[in-house]
Structures are given as C-alpha cells and as structure tokens.
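Here the protein sequences line up with chains A and B, keeping their order. Mapping of the first sequence onto numbering that gives the first Met the number 0: residues 0 to 150, in sequence order. Mapping of the second sequence onto numbering that gives the first Met the number 0: residues 0 to 281, in sequence order.
Hints may be right or wrong, so weigh each one.
To be verified - Quick list of the computed label-pair ranges, beta carbon to beta carbon: (1) B:V64 with A:F106: 35 to 43 Å; (2) A:Y89 with B:G46: 28 to 36 Å; (3) A:P74 with B:N29: 50 to 58 Å.
Derived by calculation from the structure, the hints in this document are not laboratory data. Using N, Cα and C, we set each Cβ at its ideal position, and we do this for glycine too.
Take a look at the letters that make up each chain.
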Amino acid sequence: MKRTLALAVCVAMGGSVALADMLAPADVTYGDYGAVEQSLTGTPGDPENGAQVFLARKLGNCLACHANSDMADQPFHGEVGPPLDGIGSYRTEAELRGMIINSKKTFQGTIMPAFYVADDFTRNQDKFEGETILTAQQVEDVVAYLMTLTD
Amino acid sequence: MRLSTLKTAACGLALVAAPLAASAEDLLINGQVEINTEVQPADHMKGIVPVVRSGWTFRSPETQVLQMDDFDNPGMIFVDQGMSLWQTGDGETGESCADCHGDMAESMEGVRASMPKMNPEGTDLWTLEENINNCRTERMEADEWAWESSEMLAMTAAIGKQSRGMPVDVEIDGPAREWWERGEELYYQRVGQLDMACANCHEDNYDNMIRADHLSQGQINGFPVYRLKWGGLGSIHRRFKGCMKNIRAEPYNRGSDEFKALELYVASRGAGLDVETPSVRN
Numbered sequence: 000m001k002r003t004l005a006l007a008v009c010v011a012m013g014g015s016v017a018l019a020d021m022l023a024p025a026d027v028t029y030g031d032y033g034a035v036e037q038s039l040t041g042t043p044g045d046p047e048n049g050a051q052v053f054l055a056r057k058l059g060n061c062l063a064c065h066a067n068s069d070m071a072d073q074p075f076h077g078e079v080g081p082p083l084d085g086i087g088s089y090r091t092e093a094e095l096r097g098m099i100i101n102s103k104k105t106f107q108g109t110i111m112p113a114f115y116v117a118d119d120f121t122r123n124q125d126k127f128e129g130e131t132i133l134t135a136q137q138v139e140d141v142v143a144y145l146m147t148l149t150d
Numbered sequence: 000m001r002l003s004t005l006k007t008a009a010c011g012l013a014l015v016a017a018p019l020a021a022s023a024e025d026l027l028i029n030g031q032v033e034i035n036t037e038v039q040p041a042d043h044m045k046g047i048v049p050v051v052r053s054g055w056t057f058r059s060p061e062t063q064v065l066q067m068d069d070f071d072n073p074g075m076i077f078v079d080q081g082m083s084l085w086q087t088g089d090g091e092t093g094e095s096c097a098d099c100h101g102d103m104a105e106s107m108e109g110v111r112a113s114m115p116k117m118n119p120e121g122t123d124l125w126t127l128e129e130n131i132n133n134c135r136t137e138r139m140e141a142d143e144w145a146w147e148s149s150e151m152l153a154m155t156a157a158i159g160k161q162s163r164g165m166p167v168d169v170e171i172d173g174p175a176r177e178w179w180e181r182g183e184e185l186y187y188q189r190v191g192q193l194d195m196a197c198a199n200c201h202e203d204n205y206d207n208m209i210r211a212d213h214l215s216q217g218q219i220n221g222f223p224v225y226r227l228k229w230g231g232l233g234s235i236h237r238r239f240k241g242c243m244k245n246i247r248a249e250p251y252n253r254g255s256d257e258f259k260a261l262e263l264y265v266a267s268r269g270a271g272l273d274v275e276t277p278s279v280r281n
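Whenever a hint applies, use it, and build me the whole structure from the sequences.
Right, here's the structure in full:
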C-alpha cells in the first residue's frame, strides 16, 4: 500500500520510473547461482545516490558489515562480510543485483539481510510488514555504485 | 552447521594470535576477587565455540577498568540500594527479606549462578525476578515489583553480587529440559525484517566488528548489567528486547515464556563463566 503511494509520488515528481517497469519483489527471477539479470526499474542506477544508500544506517548500512577503501574517510568499517574493494571488477552487475536483492540465493545461510524481499518474516515489526528494506531504485543505485569499485 | 563450526574454529585461532585478547587472570576485582572470563566449553557447548568468553573480554580497556574496582563500578550504588531494601519491611506482614533469609551474603550465595531454575513445584521456570516476586506476594503479602523497576534492579543486583566469582551452573536436565530446548530453538530462529538469529552474530561472528561495535558471545553472566549507553542497570530481558529491535523484530515481553526459555539457554551457553554482577558494559 505504502509502496504504491511512494511510487505514485515518484512518478508525480517527474521521476522516470514508470510503474509498468517496476519489478515487484515477488516477480524477481533468479539464475541458478542467485544472479538477477533484469533491472528492477529499467532506469540506470545512480552511483552517487548508491553511495549514500550504502552508507545510511537506516537504508543499506552496508559499511556496518563490509570494509570499503573507497570510504576510507568514514570511521568503523565492519568485519562481518568480505571487504568490497574491487568487487566491481570480479562480480557482474547481475550477480551484485542478486546479492543485494536476496543474498541467500547466492550464499545459502548467510547472515546478510535480503534488501528487496517482502516475505512474511517471523515476528517482523508491524511497520516493516510487507515492506522491503530498500526500494527498487535504491537497489539499482547501490549496484551502480558497487560497479564503480574496480581495481 | 559444519561451516559455522569451521568458522568459529578459525575465530579461535585468531583469538590466540590477537595480542589484545584478554586472558582469564585479567579481571581481578578490588585486587582480590578473581573472575574467570574465559573458560572451556561445557559438554553441551563442545564444537559450538572453542572458548566461552565473557562480554568483558570484548570491551575497550576504558570500559573494562570500570569493573575492576567497586569504587569505580557505577552499578555498585544499586547493589547498596538493594541491600537496604533487603532490610526493609514491606507488605501486609511488614516483614523484610532479612527476617526470613538473614544475611544475604550467606543465604543468597550461589543463587544467581543457578538462575533461572524450575520452581519448587517443578511446574514453571522461574527467573531471579520471579523468585523475588513470589516471596513478595506469597510471604510478605506485598505488591509485585515491575520487572524493570528500580527496586527489582537493585535487588537482583544485590542478590547477584553474592554469587560474584562463582561459576554459572544452571540445571538443563529434568523438567528444565523442555525450556532449554525451546530456548535453543529461539536462539537459532531468524526473526525480523533483517531475518537474523542470535547465532548469526553471537555464535558465527563474535569478535568481529559490526560498524563500531565489537560483537560478543552475548553471555549473560553479569546481569543486571550497568550499561554506559543506558546510564543505569538493565535486566537480561531488556537486553534481549534491544537486540530484537535492532534486527527489526517484534520483541517478546519481559517475563514471557520465550524470554525465560532463552534466558536459560543463553545462561547455559555461558556455563563455567564466573558471575560478574553487576558487570559494566558499553
């Protein structure tokens, strides 16, 4: 419900995201190893916004678990996941998209949250029920940002 | 399972190599009370973690030192309050804890180390809070104290301190078994929008940094704990709630069967660690 509204606002604000191009979480198709070929929005990701989403504690909060030399000016890089230096050189866009949408499709049993899944999580808080952590465009933006992290 | 065992084994190796890793003799309180902060896992923990470590070993030297002298420990003022309450009559009978239980140092020695434990009838698992409230309502004919009230925190801190330096030793067999198994299930159950279980952080990733926070094993041998973040004492169940909120899960209530079961299970994961009440954490 909320998402539909947010989308409507995006469109009204002149965003190029058309509803028809938006892939709902349930409609995402994964490859055998969890990669997702199809863009969630059809709109190319914005790497600068992706970096903001990567950093924001209530959005991606990626730095909490992953070290990233590109953000060396930021304190406290996490150690839970692998460092992301050079990831744009050895992972494809589809692989990265799949890992952000639902990394469990690539790494079974991983601690990493799924950022574009709206399942019935056990004991989910009401305010997050049916919601994804990131919007479709935010996922695309983070993918675009990660693709800039090349060796 | 095998992967996580491997991973924890690797963590163990890193631990041996890390120069900053605290060793068991590092926590000496008032220059005389020795606290074992690293112990060998009990039988039910073998293969799960190579070494059982107190949360104290994960904290910064600045935080650690606050627990090494009772004059510096900000939790001690609440222990003193609890000791006064112990002597204070209350309820219809006007009796105090001391009227029945005498000197706390003798009658309450070891109590915290064995909590939570089945009630005398063997029908329910009782935390320290519930034992205190049972005494209040049944024997003193007084009102219950709320779980997180200043009185309850003071009393659990004072009683807990009488076990300081004694190893955690909770009963997990017999009628408590069912509770323990439920607690184990909850420990590995992924919850919330972030879809994480206790084990994801506190078994698979302890000793790793999650942003500015050094992940611990989530041991509860120092509760109630004085948290610098809280600026006061807090109960085990308050801490559980905080963790659940962090992963965007709907927390269980304080005193719920779920948290009681989890308390027993988590206490058992720290079997052998010395009670540190009142501990100091960030």
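Okay, the hints, checked on the actual structure:
A C-beta distance of roughly 40 Å is found between B:V64 and A:F106, which places it inside the suggested range of 35 to 43 Å. Roughly 34 Å separates the CB atoms of A:Y89 and B:G46, a value that falls within the hinted 28 to 36 Å. Between A:P74 and B:N29, the C-beta spacing of about 35 Å breaks the proposed range 50 to 58 Å.
Checked against the numbered hints above, the structure violates only hint 3.
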